[in-house]
Every structure is written in structure tokens, then in C-alpha cells.
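Asks: Each chain, letter by letter, is given below.
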Amino acid sequence: MSVFDILVKYYPAFLGGLWVTLQLSMIIWASGLLLGGALGIAGWRSPISVGIPSRITSFILGGIPLLVFLFWLHYPVQAMFNVVIDPFYTAAFTLGIINIFGVADIVRGALDDFPRQYLLAAKVTGLTNKQTIFRIQLPLIMRQITPSLLMLQVTMLHTTLFASLISVEEIFRVAQRINAQIYRPVEIYTALGLFFLAVCLPVNAIALTLRDKFTRNLSEQ
Amino acid sequence: MASLSATNIHKSFGEKKVLRGVDLAVEPGKITCLIGPSGSGKTTLLRAMALVDLPDKGTVKVDETTYNFPLPPEVVEVSPAPWPKVTAVFQSLFLWPHMSLRENILLPATNVNAENAEKDLAGLCKVFEMEEFIDRYPNEASGGQKQRAALARALILNPQYILLDEITSALDIEQTARILTKLGHLKERGIGVLLITHHLGFAKAMADQIVFMADGMVVESGGPPILQNPETERMKAFLHMVEAVG
Numbered sequence: 001m002s003v004f005d006i007l008v009k010y011y012p013a014f015l016g017g018l019w020v021t022l023q024l025s026m027i028i029w030a031s032g033l034l035l036g037g038a039l040g041i042a043g044w045r046s047p048i049s050v051g052i053p054s055r056i057t058s059f060i061l062g063g064i065p066l067l068v069f070l071f072w073l074h075y076p077v078q079a080m081f082n083v084v085i086d087p088f089y090t091a092a093f094t095l096g097i098i099n100i101f102g103v104a105d106i107v108r109g110a111l112d113d114f115p116r117q118y119l120l121a122a123k124v125t126g127l128t129n130k131q132t133i134f135r136i137q138l139p140l141i142m143r144q145i146t147p148s149l150l151m152l153q154v155t156m157l158h159t160t161l162f163a164s165l166i167s168v169e170e171i172f173r174v175a176q177r178i179n180a181q182i183y184r185p186v187e188i189y190t191a192l193g194l195f196f197l198a199v200c201l202p203v204n205a206i207a208l209t210l211r212d213k214f215t216r217n218l219s220e221q
Numbered sequence: 001m002a003s004l005s006a007t008n009i010h011k012s013f014g015e016k017k018v019l020r021g022v023d024l025a026v027e028p029g030k031i032t033c034l035i036g037p038s039g040s041g042k043t044t045l046l047r048a049m050a051l052v053d054l055p056d057k058g059t060v061k062v063d064e065t066t067y068n069f070p071l072p073p074e075v076v077e078v079s080p081a082p083w084p085k086v087t088a089v090f091q092s093l094f095l096w097p098h099m100s101l102r103e104n105i106l107l108p109a110t111n112v113n114a115e116n117a118e119k120d121l122a123g124l125c126k127v128f129e130m131e132e133f134i135d136r137y138p139n140e141a142s143g144g145q146k147q148r149a150a151l152a153r154a155l156i157l158n159p160q161y162i163l164l165d166e167i168t169s170a171l172d173i174e175q176t177a178r179i180l181t182k183l184g185h186l187k188e189r190g191i192g193v194l195l196i197t198h199h200l201g202f203a204k205a206m207a208d209q210i211v212f213m214a215d216g217m218v219v220e221s222g223g224p225p226i227l228q229n230p231e232t233e234r235m236k237a238f239l240h241m242v243e244a245v246g
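The listed protein sequences correspond, in order, to chains A and B.
Each residue of the first sequence is one higher than the last, beginning at 1 in our numbering.
Each residue of the second sequence is one higher than the last, beginning at 1 in our numbering.
In case anyone wonders, no lab produced these hints; they're calculated from the structure.
These figures come from a predicted structure and were not determined experimentally.
It is possible that some hints are incorrect.
To be verified - Only part of the chain A face toward chain B is listed, based on derived beta-carbon distances under 10 Å: (1) GLY63; (2) TYR118; (3) LEU119; (4) THR125.
To be verified - Calculated cross-link-like contacts (lysine to any residue; reagent style SDA-like; alpha-carbon spacing at most 20 Å): (5) A/LYS123 / B/LYS17; (6) A/LYS123 / B/GLY14; (7) B/LYS85 / B/THR66; (8) A/LYS130 / B/PRO37; (9) B/LYS61 / A/LYS213; (10) B/LYS85 / A/LEU120; (11) A/LYS130 / B/LYS61; (12) B/LYS85 / A/ILE141; (13) A/LYS213 / B/PRO37; (14) B/LYS126 / B/GLY184; (15) B/LYS57 / B/GLY14; (16) B/LYS61 / B/PRO37; (17) B/LYS85 / A/LEU119; (18) B/LYS16 / B/THR66; (19) B/LYS236 / B/ARG47; (20) B/LYS17 / B/PRO37; (21) B/LYS85 / A/GLN131; (22) A/LYS213 / B/THR110; (23) A/LYS130 / B/SER169; (24) B/LYS85 / B/HIS185; (25) A/LYS123 / B/LEU54; (26) B/LYS61 / B/ARG47; (27) B/LYS119 / B/SER169; (28) A/LYS123 / B/ARG102; (29) A/LYS130 / B/THR110.
Unchecked claim - Counterexamples of contact, computed for chain B against chain A with all Cβ distances above 10 Å: (30) MET1; (31) THR43; (32) ALA50; (33) PRO84; (34) THR87; (35) VAL112; (36) ASP120; (37) SER169; (38) ASP172; (39) HIS198; (40) GLU231.
Ideal Cβ positions, reconstructed from N, Cα and C, are used throughout, including at glycine.
Take the sequences, apply the hints, and build the full model.
Replies: Structural data, given as C-alpha cells:
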């Protein structure tokens, strides 16, 4: 049985798993980019009340293996509060939290490091506040953060595989189940690898291209 | 009389007092050269007069508008904004790296004179010989090309006062001469120029006023002859050092 045969025979299951993976990714990406972006800006504007707590949280999260965090929220926390939460939501929440703080770190860092001299030049040449934000600050910051954000989102897509370990029926778990039935690991995991390559490689390539292009242009001298 | 003046300017960074009661006036159509050793407070004074790094104490007057310092605690920005009537070109040129040199010049120009911005730019391109490289990005241009673009960005705004902080420090002799020669045009256009420079030859030839600073104070000032006959020992020592290194 070839990779193609397996895909044809089990495509409803693969599609179902793919759909769960995409739903999970969408929630993680959207929450991370929106809430993480907002948290990053808030942390930059209010470094004491928001920035420092956010950095401490991010630092602590960075010290906990993702799997431990995921299992901790799935088993002990739910037992402590005597609730049962769908593992999909637990995974979305856990990975969403990781992404939010990751995005916040990137955004806050870019805002902190923004070269003030460009704002000085805007001031002495009489640019309005609106022009300074939309023509100078925003384009330069977007150039700075877009590659890092894209790469983080690819990493988050990879981490959705961990959701399979708390029984979320995402694409990796589907692949495992099919393999348990027909035992064709080479074909099945090759197909899975190709799927992730097809999604992640173009995004990574875009991120690298943007990083090469934009970070070079940021250094004026 | 119209002028850009600073009176009794004080500025400290932490414990370090960088400006200690400095007075200076720049008049329209005249070139004032600010000279002095490194760390004497020249750049801090220029930034204070450009109202971008506000002084701790003192007064800056732009023609009839007076800015007294310190500002009230709730005020963080001077008002009315003096820019671009007063503008500045800094040692690091601060050209926006995501825009071509043309866009760098045109963006602020559209606020001042949108209709004639392109025409004015064409004129400046001719004066500063920028036609060949005007569409390059800053990272694609040489130091001298960027220098000229930064100067053009300031001039297209038709400022009344232009403050220039060692704008030729990164250039070779030929490029420096080319830029400094262009400053003569500013004088003809009635623009008041404050120039921090180490080129004493230029100061001697072009300046109307020379101000020597040391240790956060104006030690000596006057016309170009003070370069030949300084009164203070401090300025004599400085000029001697400059001559010694050529």
C-alpha cells in the first residue's frame, strides 16, 4: 500500500484530523496575535504594571516544558476543581497562552528597541503624529516583527501535535490510529511529514526572506 | 529682532552637569559655528535649541515665541511646535530606512508645500547633485549621498533656522568641502545656521559668529578673528591642539 493509497482510503479520517488541527491552529494563532499584540503594546506603554508581570510570566512559562504544562492543565487542575473540560479546549487554552506570551515578547521587544532617532527626525521635520505613527513607526515595526511572528506561528503549528497526547483528535492522533490498524508507519508518517512540510516550508521561506530584506534595511548606517 | 536664542540654558544627565548657563543667539542669514572639545556640551546645546531634548532650566526663543523651562510637570511637549521652522540635521542622519531618499525628502515636504514639493526637490537635486542616486534607499547610498539627502530633507521645508551637528564628520575631504560650500547658499536664502564643526578653515571663511564652548559653558565668542587672536587660555589651548593634529 503506497502513501497515495493510504491517503485515498483513509482520507475522511485524515480530513477530520486536519480540520481539528486547523481549528486548533486558528484559535492559537488568532488569540496569540490579537491578545499577544495587545499585551505587548500594553507592556511597552506600562512597563511597571504590565510589562514586568508579563515578562516574569513569560520567563516562568519558558522554564516549564510544554508537555508538562499541558498535562498539568489537563489532569491536576481539572481534578482540583472537579471539572472535566474537552481536551480540545484545554489544548487550545494551553497553546494559546504560550503563543500570547511569545507574541507579546516579540512586540514589546520591537517597541522597546525602536530607534528613537527616527522619531526625532520625524519631529524636527514637522511630521504630524499620525504621519509619524503610520508612515514611520508602524511600517518599521512591522518589518521588524513580521519574520519572527511568522516563525513563531509555524512553531505553534508544530506544537499542536502535543494535543494528541491528551486525546485531541488532531491529524497526528488520526495518523497514529490508522497506523495502529494497518501498521504502515513509513508511509503514514511520511505523508504526515509531507503535509507539515507543505504548510510550513513556504511560511518559513517567507519569514526568512522578509528577515533578510527588512532587518538589513533597518540599519541606516 | 528675529532670532533663535537660548538664554541661561542648564542641562544635566544624572549627576553630570552638561550645560551650565549657556547663552547663544542665531540670526537669520548668518552662520554661527559652534566649536569646542568633545564633551563640552555642543550637541546638547544644539538639541536644546532644536527643542528636541528639553533643557532643565532656561529660555529658548524662536522669534517672538518664548519657551521657558522647566515646563510644568503635566506638559511633556513644547507648544506651539517650532518645527520645521526650526529644523536640525544630526551627526547620524536618521534617514528613514524603509523609504528611498526621494521619499525621505518628499514626505515632510508635502506638509509644507505639497503643490511644489516635486519642483523644489528637483531644484535641490540639482544643487546637491543628487539626480543619480535620489531613488536609492539609505542603505544603498554612500555617506556623502546620505548627507546631502539629509540636508535636502531639511532645506525643502524652508526652515528659518537650521541646526547642523557635525554633518560632515563621516565624510572625506572632498565631500566635506562640497557640503560646506553648499551651506553658503543657506546664508543667501536668509536661513540662520548653527553649525557644530571641527573644520576651522570653514569657520574662518564662512562664519559670521564663532562660539567656543568648554565644560558646558560658552568660554569665548565673536567674529572669525577670534580664531587668530583668542583671548582665553582655554581657547588658545584648544586651537593649538587642533592645529597640531592638522
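Asks: Within 20 Å, alpha carbon to alpha carbon, are A/LYS213 and B/PRO37?
Replies: Cα-Cα ~40 Å, so violated.
Asks: With a cut-off of 20 Å on the C-alpha distance, tell me whether B/LYS16 and B/THR66 pass.
Replies: Distance of about 27 Å is beyond 20 Å: violated.
Asks: Next pair to validate is B/LYS61 with A/LYS213; report whether the Cα-Cα distance is within 20 Å.
Replies: Between B/LYS61 and A/LYS213 the Cα gap is close to 44 Å, so the pair fails against 20 Å, i.e. violated.
Asks: For B/THR43, is the shortest beta carbon distance to chain A beyond 10 Å?
Replies: 12 Å, holds
Asks: Since B/HIS198 was said not to touch the interface, does its Cβ keep a gap of more than 10 Å from each Cβ of chain A?
Replies: 20 Å, holds
Asks: Hint A/TYR118 vs chain B: min CB-CB distance below 10 Å?
Replies: 6 Å, holds
Asks: Verify the proposed pairing of A/LYS213 with B/THR110, using a straight-line Cα cut of 20 Å.
Replies: 28 Å, violated
Asks: Can we trust that B/ASP120 is non-interface, i.e. its beta-carbon lies farther than 10 Å from all of chain A?
Replies: Non-interface label stands for B/ASP120: nearest chain A Cβ at 14 Å, farther than 10 Å.
Asks: Against the 20 Å threshold, does the CA-CA distance of B/LYS61 and B/PRO37 hold or violate the hint?
Replies: 26 Å, violated
Asks: Within a Cα-Cα threshold of 20 Å, do B/LYS85 and B/HIS185 meet the stated pairing?
Replies: 17 Å, holds
Asks: Does the structure keep B/LYS85 and A/LEU120 at a Cα separation of 20 Å or less?
Replies: 15 Å, holds
Asks: Is the hinted pair B/LYS119 and B/SER169 satisfied, with a Cα-Cα distance of at most 20 Å?
Replies: 30 Å, violated
When each numbered hint is compared with the structure, violations occur for hints 1, 5, 6, 8, 9, 11, 12, 13, 16, 18, 19, 22, 23, 27, 32, 33, 34 and 35.
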